[in-house]
Amino acid sequence: QKEVEQDPGPLSVPEGAIVSLNCTYSNSAFQYFMWYRQYSRKGPELLMYTYSSGNKEDGRFTAQVDKSSKYISLFIRDSQPSDSATYLCAMSTPSGGSYIPTFGRGTSLIVHP
Amino acid sequence: EAGVAQSPRYKIIEKRQSVAFWCNPISGHATLYWYQQILGQGPKLLIQFQNNGVVDDSQLPKDRFSAERLKGVDSTLKIQPAKLEDSAVYLCASSSRSSSGNTIYFGEGSWLTVV
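If you read the sequences in order, they're chains P and Y.
All residue numbers for the first sequence refer to my numbering, where the first residue is 13 and numbers rise by one.
All residue numbers for the second sequence refer to my numbering, where the first residue is 676 and numbers rise by one.
These are computed hints drawn from the structure, not numbers from a lab.
Predicted model, so just to flag it, every value in this text is computed and none were measured.
Where is the CB? At the ideal position from N, CA and C, for every residue including glycine.
Since no wrong hints were added, every one of them can be taken at face value.
Here are the computed lysine to aspartate or glutamate pairs in the DMTMM-like style, where the Cα-Cα straight-line distance is at most 20 Å: (1) Y:719 / P:57; (2) Y:719 / P:17; (3) Y:719 / Y:743; (4) Y:746 / Y:732; (5) P:54 / Y:761.
So the derived list for chain P, only partly shown, Cβ under 7 Å to chain Y, looks like this: (6) 54; (7) 55; (8) 56; (9) 58; (10) 100; (11) 112; (12) 115; (13) 116; (14) 117; (15) 118.
Given the sequences, and given the hints that come with them, work out the whole structure.
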């Protein structure tokens with residue numbers, strides 16, 4: 013079993029739809045939970061991060077962490093064609109004073125007009 | 676603020692040849708990472724530097740991969756000899772202790788095709 017599991021998709025939705033992206037994990041020591049967005053032929057860019065359980069909202073994006081279920085989600089409201097990208101979840105735990113994220117394989121999202 | 680710079684962006688080599696990738700992190704970032712991302716997979720950490728010292732290289736295939744970070748700034752990742760399965764994007768990233776949750780910032784990657 014991989015430490016972080018993520019459905020690769022692709023997930024295809026119409027413009028304006030609410031998108032739900034999810035990851036599960038096995039390592040209960042993870043403390044930071046992050047979502048990265050990666051456009052084609054670009055490096056990942058951080059969208060949101062959350063410490064421990066709970067919700068965090070930033071504009072059209074909401075991140076949820078349920079540590080009891082080892083499950084994290086990213087919701088995108090009013091999705092736009094410009095949201096079409098691969099979304100990577102990542103999780104980290106402190107190690108020697110630094111945090112090295114472990115990534116999921118990414119979910120490909122396609123938002124069509 | 677300038678981002679993480681990487682070069683070359685694209686490289687095609689034959690198997691058993693060698694290749695080197697260069698990275699310049701964000702100014703002031705003490706921590707530098709090299710990740711390998713195979714098509715359809717998430718990034719996998721190869722090596723992490725703190726200043727010019729190695730923190731973690733447990734997943735670096737040391738028989739063919741090497742990396743250095745002289746003077747604690749720029750870094751070079753070398754592959755010699757390359758294998759077909761080394762075809763991937765090599766992502767350099769950097770972070771500082773002041774980054775929230777130790778947020779890491781990625782470069783655009785160096786795309787390697789081994790034929």
